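In order, the protein sequences belong to chains A and B. Take the first sequence: its letters are residues 1 to 278, numbered as in my numbering. Take the second sequence: its letters are residues 1 to 318, numbered as in my numbering.
Careful, some of the hints might be misleading.
[Claimed, not checked] Derived, one-sided and incomplete: chain A residues facing chain B with beta-carbon distance under 10 Å:
| no. | residue |
| --- | --- |
| 1 | Trp32 |
| 2 | Trp34 |
| 3 | Ile36 |
| 4 | Trp111 |
| 5 | Leu124 |
| 6 | Gly128 |
| 7 | Leu129 |
| 8 | Lys213 |
| 9 | Phe243 |
| 10 | Ala247 |
[To be verified] Derived lysine-lysine pairs resembling DSSO-like cross-links, with alpha carbons at most 30 Å apart:
| no. | chain 1 | residue 1 | chain 2 | residue 2 |
| --- | --- | --- | --- | --- |
| 11 | B | Lys111 | A | Lys267 |
| 12 | A | Lys117 | B | Lys260 |
| 13 | A | Lys225 | A | Lys259 |
| 14 | A | Lys225 | A | Lys31 |
| 15 | B | Lys172 | A | Lys25 |
| 16 | A | Lys31 | B | Lys20 |
| 17 | A | Lys171 | B | Lys20 |
| 18 | B | Lys111 | A | Lys31 |
| 19 | A | Lys259 | A | Lys31 |
| 20 | A | Lys171 | A | Lys267 |
| 21 | A | Lys25 | B | Lys111 |
| 22 | B | Lys111 | B | Lys172 |
| 23 | A | Lys25 | A | Lys259 |
| 24 | B | Lys111 | A | Lys259 |
| 25 | B | Lys172 | B | Lys187 |
| 26 | A | Lys171 | A | Lys117 |
| 27 | A | Lys268 | A | Lys25 |
| 28 | B | Lys20 | A | Lys117 |
These are calculated hints, taken from the structure and not from any lab test. This one's a predicted model, so the numbers in the text were calculated from it and none came from an experiment. Where a beta carbon is used, it is the ideal one built from N, C-alpha and C, also for glycine.
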Amino acid sequence: MATTLEQTAPGARSAEEERLIALRKRDTRRKWFWRIAGYVVVLGVWELASGWILSENLLPGPTRIVETFPDLWNSGRFGESYGATLTRIGVGFGVAFVFGALLGIFTQSRWVEGFFKDAITISLVSPGLIWALTGLVIWGFEPQGWIFAIFMTTFALVTINIAEGIRALPKDLIDMSRAFGVTTWRRQREIVIPFLAPFIFTALRFGFSVGWKVTVLTEVFSASKGIGYEMRVASQLFRMDEFFTWALSFFVFTLILEKLVLQHYEKKFFRWRQEVTV
Amino acid sequence: MATTVTKAPARDAGLSRVLKSPGTARILFPFAVLGLWYFIYYTIDSRIFPSPQDVVVFMWEEVTLTSGVRYSSVAANLYVQFAISLMRLTIGFFVALIVGTVIGLAMGVSKSVDAFFHDWVMAILAMPALVWALFLGLALGFGHLGPILAVILAGVPFVIINVREGVRNTPKELFDMARAFDVPQNKITRHVLVPSLMPFFFAAIRYAYAIGWKGLIIAEVFASDRGMGWTIKFWYDAHRAKGVIGYALFFIIFAMILEKLVFDRLSDKAFKWRPQVNALEMAEGDFGAVTQEGFLLQESLVQEGVPIESMEVESKDG
Chain A
1 MATTLEQTAP GARSAEEERL IALRKRDTRR KWFWRIAGYV VVLGVWELAS GWILSENLLP
61 GPTRIVETFP DLWNSGRFGE SYGATLTRIG VGFGVAFVFG ALLGIFTQSR WVEGFFKDAI
121 TISLVSPGLI WALTGLVIWG FEPQGWIFAI FMTTFALVTI NIAEGIRALP KDLIDMSRAF
181 GVTTWRRQRE IVIPFLAPFI FTALRFGFSV GWKVTVLTEV FSASKGIGYE MRVASQLFRM
241 DEFFTWALSF FVFTLILEKL VLQHYEKKFF RWRQEVTV
Chain B
1 MATTVTKAPA RDAGLSRVLK SPGTARILFP FAVLGLWYFI YYTIDSRIFP SPQDVVVFMW
61 EEVTLTSGVR YSSVAANLYV QFAISLMRLT IGFFVALIVG TVIGLAMGVS KSVDAFFHDW
121 VMAILAMPAL VWALFLGLAL GFGHLGPILA VILAGVPFVI INVREGVRNT PKELFDMARA
181 FDVPQNKITR HVLVPSLMPF FFAAIRYAYA IGWKGLIIAE VFASDRGMGW TIKFWYDAHR
241 AKGVIGYALF FIIFAMILEK LVFDRLSDKA FKWRPQVNAL EMAEGDFGAV TQEGFLLQES
301 LVQEGVPIES MEVESKDG
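Looking at chain B on its own, in the form it has when it is part of the complex (with noise of 0.2 Å):
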């Protein structure tokens, strides 16, 4: 009998614990979105929103490839589509890559190169896509070129300014102490310089891929005829808000795949040597307003919840 009575409250705790766990909140988030997109459903009776039921069918037929929209001869459906998105986005984020890595290394090394460049990596950071997607699409007319540049344009500042936080994060006792014992440079490279620079350079990689994404879509709006970005101009252009938040969603998927799939699994991969990094850590330089947009987010892409101390130290700088 006892044991009944203290089987029963157990059970009970178990199940609020279950109930009360971030987890639990976790899988609730979509059920709470699902509840309020029906009930904003059925409240603002509009012929033109859409029911879920409605967007997951949209979607289901876009994926099967069963809806019968042929959106151009050239670029079909969906995954056509998709592909050329990925193909702008992979050639614009390696050119931003090689170019921001080679304009941050000789910043971070040189105090003259940085004051050379400082203003101007600013002042293409503070532009909106759109004024490159605008002006792209009349310099260069609807073909891969101007989405690409547009990618460069949008992820480039954001590699040099990690780069060049990177060279400066080096220890330099490392390296004195490398060359007092005469390792050779090969080594000090490989064992002092790359692990060094290897988070900031993560995220800088991280970043470009994220806002060249965003750059991208922006371009292929105003700029191109073809590609993800146009593809939702194509929905909107048609007043299909199935269409155009079917097409929001799968732009939600695919940024969330990347984000937990491949950018956790790499990070994880690069930080194996270092337990926790502290991305803001690098926002303690004389950049302004707008870089530490971009280490916030990229902090909070790198790692969620890691204590932003760092900012308290450059307020009290300032």
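Extracted from the complex, chain A is given alone in its bound form (with noise of 0.2 Å):
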């Protein structure tokens, strides 16, 4: 009798998971017609409008942009103005992440955390373009004024998430270490950074999406290369071709190194992870 329920029950389980399996590809399958559904309706709206809604110079259609990208690549502009604007943000941002990640640390600190509470708020609150300007009223064209402009807008998604980050690590694991007599090096790379990691990616995921905004901001003021600069020369020329290759570029550039770079190096550190749940 145990026997045949043995041999029923796998049999039955089969075929319920047999079930699950071809409702989640039809699932993925309505997904995908949507996803392509959706596509097609925007990017043959957006074609439509430019020429019979607005004029074709004025909002170029998608194919206008496909076949503005390999002029602008071919002119050399491309490398410099990305060049010019991750210089940008890599300063800009490295500034804010070491003071913004120090400042997580110390707000551990009641103290520290009350005394830079509204700085925080602030800094989260308020538009980047009062620090764009700000910055260059002050400074001029000197690179101060764009640090100063990204910093302020920046540092505070890094105290935020390096904070929290603190506040959720292991303090058992980190006194049983202690008490076997764990070096403190070690104890700092396998407990302290691993559980940081998460943290700190979403710290960098944040400060880059609001840094790269307020960089094209810096730019159109105080820049004579960049992305900003380039969607303010070609905007003023009424290229508008340019400028929408230019803003959709960085787009695609955001997603690309979102899933190739970014997800790998997440996958890497994460390893330990998966492990532990399966």
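Given two chains presented individually in distinct reference frames, assemble the corresponding complex, making use of the accompanying hints.
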């Protein structure tokens, strides 16, 4: 009797499993159908709108943008602009990250937290434009101007994340490793860093996406190269095809960065976690 | 004699406790900024960098309308400029709220609709307000429509995402139970759907307002001839650092007032039934880098110091 039960049970389960797999497949297929439909409809409306509703020069369609891209790429301005913009983000956000992370560590003290509380709120709620203009009006075209703007808009994001990460550290594991005489270096490497990593990744993501927006803004006012500068020039010369190509190219660039680089490293960092859950 | 001995340390402890309290630190912060400002002012010896009293005098003249600056024939002073910006923000905000709620509800209910809109919502979210501002300025001229559209474009993705997550988070068991007990539909809506949607909807309001404001002033710089954004640009173009810093402070004061007085009160009311809301729980969805920014900000706006636990959960899934 026990054997019959055992025999029927796996059979029933596999049928259920097959049904589930079929359902999931249908779900995926439907999802992809609607996703592609979304692309077709939006791009189609866009293509039709350029020329019918708005002038083709004002709102170039997706095909025009695809055609413009190779021209821009061949002009050599692409590498230069991306280099300039990414350098700005790198330097500005780098400074903000170091300061924000240190602040995140020190805000474990209630006094420091109270001291910087308003600074963090101000950094989160105030528009990037005011920092861009304030930095420029004080420092002119010196790098301090844009570093200040990027710094003021991004450091609080890092601080919040690092502070939360430290609060979430496993105190018991650290205590245990201390009791068993694990060296400080190894403790940092094997407990603190892996637990902090997701928070650091989140901070990097948030900081990058906020930082890029304020960076283009500073480039509009105070740069002679970079994506923001190119966008402004393109719009002033009424080259809207170039303008949209610049804007969309960075979106695609961040998508690639997210999918290939960040997620790759994230997987690397969190391999140990999946092992635990499996 | 014994009493005097015990009294002295007690008073001392009281004073040091006051000094060590986070509240004191918070009060100290503006003074520290002021000190730093004076320090920079006296060390860099620049002709354009204003001292704090210059800026305060400037702000006072703007507030009392004694500066004699007439910005334009239509928007003559601070109050008119501010009113224009606020009007644009409010109109754009309500349109974004309505459009976003409709799309967000549809995306939350149906997976197909979700797949249809998802990537495009992300794309709009990832665009800097600068892109909208430059384009709208060329397309629509310097009227009200451009800045209003900029507010809508900046705010709508956040409304959509939050409402969508709100619908997904409604407790299915409660609906089933309500149906099993023959609770009328309007009661279900009022007592189950609305309360569970409320925190998400509230987060949507708050974030759409804050992000819409940021988008608006950029649009006003590039696509308008009046409004607060235009005014700060006016002082920038005039190379008057005291004007730029003064208006930057007006912006900060406005944002802080909104934050502390309006939204904190509102959230207390909206979440009366719920002791605590962890808004980041909604970030568990499949949204990429850009959205999480929104959630984090919104989280910090909704409530300072709420543990961000779900972040770990999220990364475990990935």
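These are the hints, each one checked on the structure:
1. The criterion of a C-beta within 10 Å of any C-beta in chain B is met by Trp32/A, whose closest approach is roughly 7 Å, and the hint holds.
2. Residue-level restraint check for Trp34/A holds (minimum Cβ-Cβ distance to chain B is 4 Å; threshold 10 Å).
3. Checking Ile36/A against chain B: minimum C-beta separation of about 9 Å stays under 10 Å; hint holds.
4. Among the interface hints, the one on Trp111/A holds; its C-beta lies about 5 Å from the nearest C-beta in chain B, closer than the 10 Å criterion.
5. For Leu124/A, the suggested interface contact is upheld, since its CB lies about 6 Å from the closest CB of chain B, less than 10 Å.
6. About 7 Å separates the beta-carbon of Gly128/A from the nearest beta-carbon of chain B, less than 10 Å, and the hint is met.
7. Using the Cβ-Cβ criterion of 10 Å, the hint placing Leu129/A at the interface with chain B is satisfied: the shortest such distance is roughly 5 Å.
8. With its C-beta approaching chain B no nearer than about 4 Å, Lys213/A sits inside the 10 Å limit, and its interface hint holds.
9. Annotation: interface hint on Phe243/A holds; nearest CB of chain B at approximately 7 Å, less than 10 Å.
10. The beta carbon of Ala247/A comes within 5 Å of a beta carbon in chain B, closer than 10 Å, and the hint placing it at the interface holds.
11. As the CA atoms of Lys111/B and Lys267/A are separated by approximately 27 Å, the hinted pair is consistent with the 30 Å bound.
12. A hinted pair counts as satisfied when its Cα atoms are at most 30 Å apart, and Lys117/A with Lys260/B qualifies at roughly 13 Å.
13. Our distance criterion of 30 Å between C-alpha atoms is met by Lys225/A and Lys259/A, whose separation comes to about 27 Å.
14. Taking the CA atoms of Lys225/A and Lys31/A, the gap is near 41 Å; set against the 30 Å cutoff, the hint is violated.
15. Restraint check: the Cα-Cα separation between Lys172/B and Lys25/A comes to about 24 Å, which is no more than 30 Å; the hinted pair holds.
16. With a C-alpha separation of about 57 Å, the suggested pair Lys31/A and Lys20/B falls outside the 30 Å cut-off, and the hint is violated.
17. The suggested pairing of Lys171/A with Lys20/B holds, with an alpha-carbon distance near 25 Å, which does not exceed 30 Å.
18. With a C-alpha separation of about 7 Å, the suggested pair Lys111/B and Lys31/A falls inside the 30 Å cut-off, and the hint holds.
19. A C-alpha spacing of about 20 Å is found between Lys259/A and Lys31/A, which places the hinted pair at or below 30 Å, so the restraint holds.
20. Between Lys171/A and Lys267/A the alpha-carbon distance is near 25 Å, which keeps this suggested pair within the 30 Å criterion.
21. A C-alpha spacing of about 14 Å is found between Lys25/A and Lys111/B, which places the hinted pair at or below 30 Å, so the restraint holds.
22. For the hint linking Lys111/B to Lys172/B, the alpha-carbon distance of about 16 Å falls within 30 Å, and the restraint holds.
23. A hinted pair counts as satisfied when its Cα atoms are at most 30 Å apart, and Lys25/A with Lys259/A qualifies at roughly 23 Å.
24. Proximity of Lys111/B to Lys259/A is assessed by CA-CA distance (about 23 Å); at most 30 Å being required, the pair is judged to hold.
25. Our distance criterion of 30 Å between C-alpha atoms is met by Lys172/B and Lys187/B, whose separation comes to about 16 Å.
26. About 25 Å separates the Cα atoms of Lys171/A and Lys117/A, which keeps this hinted pair within 30 Å; it holds.
27. Between Lys268/A and Lys25/A the CA atoms are separated by roughly 28 Å; this keeps the pair inside 30 Å, and the hint holds.
28. Taking the CA atoms of Lys20/B and Lys117/A, the gap is near 15 Å; set against the 30 Å cutoff, the hint holds.
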